[in-house]
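Here the protein sequences come in this chain order: V and D. For what it's worth, our numbering labels the leading residue of the first sequence as 896, then goes sequentially. For what it's worth, our numbering labels the leading residue of the second sequence as 896, then goes sequentially.
Simulated from the structure, these hints should not be mistaken for laboratory data. One or more of the hints may lead you astray.
Same chains, same label: a pair holds when it works inside one copy or across any pair of copies.
[To be verified] In silico DSBU-like links for lysine-lysine, alpha-carbon gap of 35 Å or less:
id: 1; residue 1: K1537; residue 2: K1090
id: 2; residue 1: K1197; residue 2: K1090
id: 3; residue 1: K1243; residue 2: K1004
id: 4; residue 1: K1340; residue 2: K1537
id: 5; residue 1: K1537; residue 2: K1080
id: 6; residue 1: K1244; residue 2: K1004
id: 7; residue 1: K1340; residue 2: K1090
id: 8; residue 1: K1080; residue 2: K1243
Number of protein chains: 2
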Amino acid sequence: MPMLGFGRIPVTDVSMVVEEGRLPAKAVVGELVPIRATVFREGHDAVNASVILTDPTGVQHRVDMTAVEPTGLDPWEAWVRFDREGWWAFHIEGWSDPWATWLHNAHAKLPESIDVPLVCLEGQAVLNRAADQATDEIQASLLRTTALMLDPTRPPDELLAAVDSIGVQHAMDANRPRDLVSPTKDYPLFVDRAKALFSAWYEFFPRSVGATFDEATGTWQSGTFDGCHERLDEIAAMGFDVVYLPPVHPIGTSFRKGANNTLVADASDPGSPWAIGSPLGGHDAINPDLGDFDAFDRFVAKANSLGMEVALDFALQCSPDHPWVTAHPEWFTTRLDGTIAYAENPPKKYQDIYPLNFDNDPADLYAEALRVLHVWIDHGVRVFRVDNPHTKPVPFWAWLLSEVRRTDPDVLFLAEAFTRPAMMHSLGKVGFQQSYTYFVWRTEKWELEDYLRELSSETDAFIRPNFFVNTPDINPLYLQDGHPAAFTVRAVLAATMSPSWGMYSGFELLEHVPPRPGAEEYIDSEKYQYRPRDFHAEPNLTELITRLNEIRHEHPALQQLRQATVHDSDSDQVFVFSKRDRGDVVLVVCSLAPRDVVETTVHLDFAALGAPDVNELVVHDELQNLDFTWDAHPFVRLTPDKPAHILRVALA
Amino acid sequence: MPMLGFGRIPVTDVSMVVEEGRLPAKAVVGELVPIRATVFREGHDAVNASVILTDPTGVQHRVDMTAVEPTGLDPWEAWVRFDREGWWAFHIEGWSDPWATWLHNAHAKLPESIDVPLVCLEGQAVLNRAADQATDEIQASLLRTTALMLDPTRPPDELLAAVDSIGVQHAMDANRPRDLVSPTKDYPLFVDRAKALFSAWYEFFPRSVGATFDEATGTWQSGTFDGCHERLDEIAAMGFDVVYLPPVHPIGTSFRKGANNTLVADASDPGSPWAIGSPLGGHDAINPDLGDFDAFDRFVAKANSLGMEVALDFALQCSPDHPWVTAHPEWFTTRLDGTIAYAENPPKKYQDIYPLNFDNDPADLYAEALRVLHVWIDHGVRVFRVDNPHTKPVPFWAWLLSEVRRTDPDVLFLAEAFTRPAMMHSLGKVGFQQSYTYFVWRTEKWELEDYLRELSSETDAFIRPNFFVNTPDINPLYLQDGHPAAFTVRAVLAATMSPSWGMYSGFELLEHVPPRPGAEEYIDSEKYQYRPRDFHAEPNLTELITRLNEIRHEHPALQQLRQATVHDSDSDQVFVFSKRDRGDVVLVVCSLAPRDVVETTVHLDFAALGAPDVNELVVHDELQNLDFTWDAHPFVRLTPDKPAHILRVALA
């Protein structure tokens, strides 16, 4: 008989599911992931449900689900950990639970002495059925003994005490009979390595590191890969584990931009690394100013030796001088006047950039993009930051990322899409392991609260956020007075709200000057010129950043996304949230008016902190190394010197 | 190349969709139905979308979609009417829109005199391409002429005026080139006859109509089908179009309930019609007290002659005397002591009822249920009210309703499930054409507002509500003081909020007495005894009910569910909403404290009333036959005599 989507025990509204299961949901090894569904049945008999996981080797694992609040909506859930990388699948089984049905009836009838012999007879049948299927002989024996104890001549309280014992409960949890088992279809889930979720990114321009200006000739000497090794030591010492480089390829000279994005470059202007391609080569070549492939390999090896991975920029666009322009004009758009289309946002023109056209010759262009990636994968790159993926077709990414996953499942892609939610969500759905976010523009309390909830519980099946505090393109308005406390707050929020965070070189030096008031860019942008820096200049945030990365490593709660809770405070300027994983609980109390002194009362949800039954908690401030004893409504005072608490919650 | 769920132009979050398209969404002939999706693309070029409908004959129809607010979330929609009953399907095509892309660029570039020759060249190409595919020769000619007008020597404002003309816009709407057309999968939708959505139900017990008590013998003479013809006249005169009868089958005598649900019946107690089955027959038989099949046929014919349909109760449960009990004990549950299980809600026992067991012998029991339905279908019954469907397996209903739809697609089923949302939703999803609702318990303003929004825009793909103001089982607490204004308010709300509404006999007589304070039942319940009534007794609501049904027939806006808007008022006791279909707009302003005088200011959303650009509206009160001229913030006074306005909005 046709079931038309509903099994004997209906199971609906299954999550974690992406696009009806046509695309995999996201998880990483060791992460705790909620799988939820609505499960219900006709009539009064008891319903139950299980998640059936199929691991990458094809072995199935059953995880019992639990009915949760609000019970009137019939929600069930199980929190699941995945213990290995690769393709998993899960389905949910709804089933009829004869033991729970019987137990409910027994509690209703036995105290009233109703139908006692029949209740005992039926209880014996369920207990013996469980015993028959028990593999543990002790449990089987306990169940059979309990069945024998269901003697209708005993007093009802004795009968109920027998079946309510902890031992019987445990034995029944393990061996509970399941009737009318009704599976859903299988839903895919891809488990990435842990770094897909938990990472700390540092972005810098190698050409700036050790770059020197020759006053005599008026020209610059570029920094090189080999000149960066010491800087890598410093970056690793701050606790970062991904160093991300802007494109390292030859830079075009046609329409090259000069300093501060001027239309005319002089001979000493190095050009934007995103204007990729020159007669020296394209996306598979290295700008000789930085070194050669051997130097690149030494750079990668040095980073790896420090526990860091190198992330390259994958920016699918070309300068007019890119070798593809002559070899494959069909990969670009030729306009009706015979010219190749440059980038435009009419009336603005970007003549230094030729966008690729993915529709003229998709097979060859797709293949070339994959070949280019493999050039760098073969040189040890396992992480790519993808430039403007939202300007290329979504199915291109779906294809490319699935091809890479097939051969190199540990390669990770970060989507740099600052655009509308539908596109950002879709890029995550088709395979980007991480995504830039709106974090840099989320500064109000209600925005941060909503965004934490959204990312941790609404879009977590397909979006893994990376909270960058700044980028070469984004000098946040919030920081443009250069106040160290504002930088501190943004670093604390990024490092604790999101398991992945990142910064672009110069943040730690409080760089903040825009080219003009209100512009969200940096003056003297490193995109168009060399910017050697003295990272030991004061003031700097190196110590704070180092400590933040240490705290992140000490706390599993901060290494995950899905177990987050917003707490109340009486001030619109004090944002409070906690994260929790196993016994590790971290509470963050952060001022959003860091230039002022803010005092308020915080209202803590002790249950969300794992301490539902106590009146006080000891919390340890990981930044200030101080202990406090807090009740559920502590008074806090946040100052420009100490604008945030990151608190370890000590559970008994 | 694998698309993995995303076409070249992604289309996601499609509605009206039920269970990923495994079950059909709901519509009726003539109803305006919104089809929505999120449609977006990479880069800056313009995106567009269409709904492709496939009608029951397999012919496809294209309906253009429109981008709607909030644009940042990329929502698109089309409101679609279905012009015939049966299985439809729809899919959505996302596509690239070269005309919109060009027009946007032309407006950005031409006024700045940028690239004028190239812009003209590209405009000509799109216009000529549209002309080539135009079937209307006049439009084709206009497009070609417009292409010729794109002469770069003309001034930019002339060029833009040419392409912005209404004629060109219309010709382009009809012949717009579509690139990169990307279809979703097909989603099913079943279009029912209009009565599935729009109906007015009246429930009564035929045995009470003309029942007489013989003082001498102390016994009752039952009312009969033939004795009801005059009553049918009166019901039709009130404007009802469905008369619904409790079960008409022989009633069991074992454990028969007496008056007021007592455990012992005396010889003159007729028993509950829901205790179905006796030696005289079961679900395919007629209680001889009411007449025979010929009398039933005359009853149906009489109702039909008055424009009404007869709805029978389909109550799948048995008295212990039902013929199935001996012929098919396997259709019941035999307990371990050898007895057949009666209904229980421990510790309560309902020994007059044997529930069916659908799992022992599903094939035969399912087939018997279908056979029983066809007995009544063959006697002209096209509407069934299904008793307690939530106590039977969901897949049973999925099967049964799809079997009936296959042979008799005009047969309608109303689900009497007062239970949790998951089950109620699922019964709608698997095919029930109408559903009882929580209306009787929604009495507060916020509850009514939320419920109207939920039913009109959240669950409308699968739930069609029927707002009963009372039932034999539900004597609403709200009405238990018997105040006529309270009855008026509930009738007005039911008749206007929901396109289907219903009442159980006695409501019009203000019957309201419970058997004990706080009980949601009727004293001397008609379920257990004869209740002949004098429907001409005063006070009664016959005139109001008649007028409500007239107003419903005069206003297409009230015959549909999906175009409803809640408006604000300053009082928690004044609920305001409007409904609209084509040019018909109805505004309801209803007191929720009908025993008091309530005065307040109402805040009208004129755009939702179809009058975005005016300052005043003339509204005509359909109950009081009065005109008012209202601005957007009218002051209203509602009294126990006139607790509600039902206003026709006169649009210019």
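Now the hints, each set against the structure:
Proximity of K1537 and K1090 under a CA criterion of 35 Å is satisfied intra-copy only: 30 Å inside one chain copy versus 68 Å between copies. In this homomeric assembly, K1197 and K1090 come within 35 Å of each other (Cα to Cα) only inside a single copy, at 19 Å, whereas the closest approach across copies is 76 Å. When the C-alpha separation of K1243 and K1004 is checked against a cutoff of 35 Å, the pair qualifies only between copies, where the shortest distance is 9 Å, while the shortest distance within a copy is 80 Å. In this homomeric assembly, K1340 and K1537 come within 35 Å of each other (Cα to Cα) only inside a single copy, at 18 Å, whereas the closest approach across copies is 48 Å.
Taking identical chains as interchangeable, the C-alpha atoms of K1537 and K1080 are never at most 35 Å apart, the minima being 52 Å within one chain and 56 Å between chains. Taking CA atoms no more than 35 Å apart as the test, K1244 paired with K1004 passes between copies only; the shortest distance there is 11 Å, against 82 Å inside one copy. Taking identical chains as interchangeable, the C-alpha atoms of K1340 and K1090 lie at most 35 Å apart only when both belong to the same chain, with a minimum of 29 Å there against 51 Å between chains. Taking CA atoms no more than 35 Å apart as the test, K1080 paired with K1243 passes in neither setting, with 50 Å inside one copy and 39 Å between copies.
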